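Heads up: the protein sequence lines correspond to chains A and B, in order.
Per my numbering: the first sequence = residues 230 to 344.
Per my numbering: the second sequence = residues -9 to 102.
Distance condition first, Cα-Cα at most 20 Å in a straight line; then the derived SDA-like pairs of lysine to any residue:
| no. | chain 1 | residue 1 | chain 2 | residue 2 |
| --- | --- | --- | --- | --- |
| 1 | A | Lys286 | B | Phe92 |
| 2 | B | Lys(-7) | A | Glu332 |
| 3 | B | Lys101 | B | Ile10 |
Hints were generated in silico from the structure; no laboratory data involved.
The structure displayed is predicted, hence computed values, not measured ones.
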Amino acid sequence: GAGVSQSPSNKVTEKGKDVELRCDPISGHTALYWYRQRLGQGLEFLIYFQGNSAPDKSGLPSDRFSAERTGESVSTLTIQRTQQEDSAVYLCASSLGAGGAYEQYFGPGTRLTVT
Amino acid sequence: LAKTTQPISMDSYEGQEVNITCSHNNIATNDYITWYQQFPSQGPRFIIQGYKTKVTNEVASLFIPADRKSSTLSLPRVSLSDTAVYYCLVGDERAAGNKLTFGGGTRVLVKP
Chain A
230 GAGVSQSPSN KVTEKGKDVE LRCDPISGHT ALYWYRQRLG QGLEFLIYFQ GNSAPDKSGL
290 PSDRFSAERT GESVSTLTIQ RTQQEDSAVY LCASSLGAGG AYEQYFGPGT RLTVT
Chain B
-9 LAKTTQPISM DSYEGQEVNI TCSHNNIATN DYITWYQQFP SQGPRFIIQG YKTKVTNEVA
51 SLFIPADRKS STLSLPRVSL SDTAVYYCLV GDERAAGNKL TFGGGTRVLV KP
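Just chain B, with the same shape it has in the complex (with noise of 0.2 Å):
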């Protein structure tokens, strides 16, 4: 079971650049490393996933090292809309349940 350790919070400016590093040490060969994204009084959305290396789409991209017992999500350009919590997940096609856990998020601020 992938235990994962993210901040708790982080606060950023409009137009800057939020990097958020989740640690997962335990990670294992099959695991996929996963972000979502939760605004105040909706559920999560899926931002972005990947298993090595580096992932980009519209949103964000994601930086996995060659180790893979971290991963950084990054934001580029926030906006005020950005402000959210911002949770990690690591598990494989078979993890489910409680063997894929949320965690507490890091909550993010961003400000004018």
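Just chain A, same shape as in the assembly (with noise of 0.2 Å):
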């Protein structure tokens, strides 16, 4: 079956700019996370959606970072007014439920630069 999607793979923007990164999830899992991860480092949670809902948007590191999820399926992360710390790779993941015992399915990334 498919895996968690997301598009684009690979994104160079100038400074500046807002980007929109998508993530398409298994069919049928409740929960979907976005995370972050610049070179070389681990994982850095940013948000997690429950069906349409995010109940934590903790890890959003600015108000330049906003998501949505629509239809308990597809989410979009959208980073306004881009800036060259952005830089990462933004790593999608869902699971049947939120929480430690569910397993999450991660989907390739899309690779950030910001020139």
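With the hints as a guide, bring the two chains together.
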């Protein structure tokens, strides 16, 4: 079956521009997570959704970052007025439920480069 | 919030057994212990999950002592393709978001 997909796979943008990153989770997975991973670093939690609601937005680095999910399916992470420190791989994961007992299935990530 | 501590890196050789220990001193009663593997340029993938004692699957074994304050991921007879970063997570079925954090992981390098 289809796994988690993300698009684009690579995105190069100029400082100050807005970008949208897309995640298509596994069908039927109610939980969806966004993470950021800088080069050589671990995963940094950004936000998660349970259904279309985001109970925890505490990981979003600034108000330039926002995310939404619709139809308990696709999610979009938007970064406004990108900065060079936003350069990283953005990973999306989905799971049957939100919690430590549930396996997270990760997408391949979107590599964002801000020039 | 169960904080986890793992070694930053480990080196091994092909054919050897690799054991990675994760410390989680303030693990809660309902917390599960889950390990993920991440290859370069890929997202992490689930390896194994346990609650207590020992769990084994086709990829690895997970040893959890009675006090559950640590856990050890064991990779038998590693090959070069096992070179990856390994993450330990601790949380219960309600822990999500920043209550379920991956941390820095352990970078395992398997040498010929």
